[in-house]
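Trainee: Residue numbers (our numbering), protein chains in the order written: chain A, 1 to 387; chain B, 1 to 458; chain C, 1 to 422.
In short, the hints are calculated from the structure, not lab data.
Mixed in with the good hints there might be a few duds.
To be verified - Below, computed lysine-lysine pairings styled on DSS-like, alpha-carbon distance capped at 25 Å: (1) 327/C to 264/B; (2) 239/A to 135/B; (3) 239/A to 284/B; (4) 288/B to 164/A; (5) 286/C to 135/B.
Every value quoted in this text rests on a predicted model; they were computed, and no experiment measured them.
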Amino acid sequence: MSQSVYPQSVEELQHVLRTASDTGSLLYVYRQGKPEGITIDLSKLDEILEIDAANLVATVRPGVKLGILAGRLAEQGLRFLPADTPFYQDKTVGQLFYEGCSNLSSLKYGSAKHFLMGSEVVLPTGELLKTGGKTVKNVTGYDSTRFFNAPYTDFGITATFLLKLLPLPETRKGMTITFAGVEEMLSFVKDLKESQLVPAYLLWVDRKVQAMFQNDLQGQLVMLEFDGVQEDAEEQQHKATIICKKYHGTIRESYEGVGEIPAKWGDLYRSSDKYVLTDEYKLAFTRQAEFIKAFYAITGSSGVQAGMFGQVSEGKLNIAFAAAQPDNAFIEAVVTAVKHSGGISTGKYDRLTGKGPSGILAEIEQRAKIAFDPKQILNRLMLQEVQ
Amino acid sequence: MQQQVIIELRRLVGAQYVMDQLEDRICYSFDATFRDFLPDVVVKPGCVAEIAAIVKLAGRYNVPITARGAATGLSGGAVPVEGGISLVLTRLNKIIDIDTANRVAVVETGVITQDFVNAVTQAGLFYPPDPASAKTSTIGGNIAECAGGPRGVKYGITRDYVLGMEVVLPDGSVVELGNKFDSEMAGPDWGMLLVGSEGTLGIITKIYLKLVDKPSAKQTLLAVFTSLDDAARTVSEMIASGTIPTTLEIMDNLTIRAVEDYLKVGLPVSAEAILLIEVDGSAKAIVKQAEHVIKVCQQCGATEIQTASTPEDIDKLWQARRAISPACGKLNPTKISEDATVPRSQIPTMVRRLREIAQKYNLKMVIFGHAGDGNLHPNILSNKHDHEEMERVEQAVAELFKVALELGGTLSGEHGIGYMKAPFLQWETGETGFAVGKAIKKVIDPQGLLNPGKLFNA
Amino acid sequence: MEHKYEEWQQQLVKCIRCGTCRSVCPVFQVADNENTTARGKVKLLEAVSEGKLTLTTELQARMSKCLLCKACAAGCPSGVKTDELFLSARRALAAQNGLPLAKKLAFTGLTYRKLFDLGLKMGSLFQGIIFKDAPNGRGKLARLPLPGAGLGQRRIIPPLATSPLRSRLPEINKVASPQVRVAFYTGCMLNYVYPDAGEAIVKILKAHDVEVVIPAKQSCCGTPAFTSGDYRVGRHLAEENVKLLAAGKYDSIITGCASCGAALKHEYGAIIEDPEVKQLWKELSKKIKDITEFVVSRGIKQDLREVRAKITYHDPCHLVRGMGVSKEPRQLLQAIPGVNYAEMKDAAKCCGAGGTFSMAHYDISRTINDWKLDNAEATGATILATGCSACRMHITDGLGQRGSNMKVVHTAEIIAKAYGLD
């Protein structure tokens, strides 16, 4: 039976790690670990310490839920882009960075990692490492902010995050559209890109996933939003509507502010009774069509119930399984198809399943692990014993 | 250095690309900082395989390697402090691909940044980072130092555009870091670690860069203030109240006078400060942004505001900003340029403290810079042959760093640490941070082969 | 520190090593080596002045690998006078190490004015022995490679004129009602190689009611000598020319070759040592005018004939940066009816000749020239006008080698045509 601890301050967290380093106890954070280990639950370390509007920086603890953060920031006319979405409401800041969750608005606003300006990391020794700061530009030393807050990287536990803020847009204008098939959907997205219409976010959910979540709108679903000044957002929405008609899309909803249909998809990125694999596969936009075809060929031939969704404008495609556990053979076939289409795997799945990376970078990672966590107390997994 | 190394280098790249005569080594002993250190040999490899072989050779003989692009850096990154091999990367100068459909460019390390920017513009897209050295510096150098530029406040810096790269590690392995799609991989972020690593962790040979859409319109404004404080306040007010300009540059009175003396374009020499502000986006968006900018400037005490929307008028306003360097060069031969950066809200205080420092040490200092992101450039105008004054300059610079850190800022917003700021590095990182930096270096470069004498190993 | 190093120090101390010179130096753009950049050469001279390096032949070789195009000086944010510095360095190096025998002989030959003149007149008679005609009447090709003279077998050079300019025209060319009296300093190339251009200049001047004296005793301006570092010959020629021109008490001294003009107007200041002659020069230098500069100052004529052609213009380094003249040639060309003027990209970038540079470093010269020709051809022009004979020679060579139909003329030849004087 594994224990859990709920540190409520940084000092407590430091104490936990220091003690574990002394005794060699195993600690697990953000991950399911060995039964003899201690799980650190950061949900009580959840204050929003400061919202500095003049410098557009928010200082928060890892347990803060993105939905709550978004609400508090909105009161001051501000937002933290990765949290400014209906789809990540229940994720914590800590999870966002640890799991390497994609910023759903990355097409227009850039990767989540670039919204992290600094951090305070509790090292396995219990020492506190300060990285970055409140300045937009900082080239002092190495980029420890991103290095120590990288996905599935276990050199320490971050206790404070300095988040980059932006002002809220004047307005948001969104649409939800269904297309007859994947081809029409992709043509629509391509056309948007070529017309230099950059939505704040654009999400595709295929029919299989829609069915899994009992939300099947009988078509390839695309949810998108434009944000900015009134006239621009209107113009972009108008232009997108014309392009949509070109590919015989059906507009299910057209709104200003908050959409009803997107609100119904809050569960999409949350693993519950279905195995959802996000942030694993990356492809060039222009090669998605061939991969998507291959994917459905694999589902067809294997009989596995699985579907796709994601930021299809950027080649960031995710997989959802109807089952609670993924099918390894299926995953292998998908990886092959991804590679065949010139894409890559980020290595997240391998880390989740305890396989870990290989090659020279893996060796360097092991050396770094030994340097920062000599007793390897943090997130030591079943098959991942370091020599 | 053993003669055997030189013989083997000649065999690896061809004798014409190996220089060991004093007359040539002198030409590679410097960058844009003030100290020179002779390399033992200068090598110009033509491809990644040659670079990997050179690194392995250097490892065998324990010879340090300092990578060099165009050596325009302001922190000493390309200077071979401990001699050894100066590895010149300019032969790797191809723009391999500009993929407009996928918004990704693939470029070799030795491509001159402006050449790359021009090619991207030709292709109808936009690569925003605009360091002042762009006409001369190489893209590899920009990445190794994480170059900035005036557009940082809205568009971010070099790091925000790096998706992935090909790197030669200190053991001679050639690896790909990050990816060519979105830079997001699981596990340690090696790609980001290499950005700004100043040649101490690996030799960057090829980079995958993100491209964005060009803004369709832009407008430039010049706001005049009778108080430097008002100008400084305007900077944070503007951003806090919702408009993020593309660039937001400040020039103090001394800077204005120097530039007017040099250019004679009718700058307001009695003004205590001017702000050069640019907004970009769609035609409608910039109208709103410009209105807001004007409102904030007026609210904060601007006495005059000029606007420009034609390319000629916009260029005229920027002429003054570009003329700062030559104008200052005319005043004093030695210009010590610093880039200590503070949070935006601290600019008024920083400016005040800088003035106090200049007075305390009896030095001529001009203050200008990228106020929008807190990246001021206090420049001390001096003469390197006046040893007594240079001592005061050193003390002033140290105090300047202390103040920046006190105000929650950083030693360097753009130029890097190199050897120039290495003595002060621990002031910012603290003991723990410094030990972590050293540990990272030790893990990746256990032999300490790459660019010794810089950063955490100075 | 020796005296000359103190002089150097004044410039050296200004260099901030920013590297802007890298972005404008044509030689660097070909060679990609820091030993060709201005800041690299500055560093070498700094090392010499600090006693870390002596005036070696290796140093001399690197210092000679420079066009002296002045692009670095013009673009330097700190105002380092690199062109003056490098000339001074070549002088010091030549004094230390001497010059190659061929150069020494050639330069000394310049000081024997009458002998030099006779030699070139004879040369025009016998040039057929060494040179054959290039195809399409473009010029001459060496029958055998002459590496010592920088003549490979592909390089096209112009023939020596059978009748030099100063033999064709009287020393004094009078007009009915002279407004001013000028001396026309022809220089060697206009005299011996492109006399037609020289004649055009005299005709234009006369059309402006100018009395033109072509002093018979003028010597070579000395540029080939002093740019190589031979200040003994350079000084001799400079002082002779200045004394000659000053004695004539002319209103202006007209030049048609940019190199000569820049030498007379500026470079002589660092070469002449005799204080009295120096004083004469100071007064004289204010009177030096390029033909285009002079014509514009007199006022372009109104009743111009039509010249139907698409014309582009190349700025010789010595004209645009050496004499500050770039607006006037364009004003003149654009004033001519029928002329479709097309500005080429990088018109003010060096053509790659660099005088004697192209002899020692022909390959680099050729590459730089090819860029110039690409830009010229991109305009679609059929005529390229320029105001320096060395540029003309080098550009003609390049156009010939690529079989281009573009013609190269002196700006004055187009003006003369428009004046109806041809």
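Trainee: Would you list, in rising numerical order, the hints stated earlier that this structure does not obey?
Mentor: Result: hints 2 and 5 break, sorted rising.
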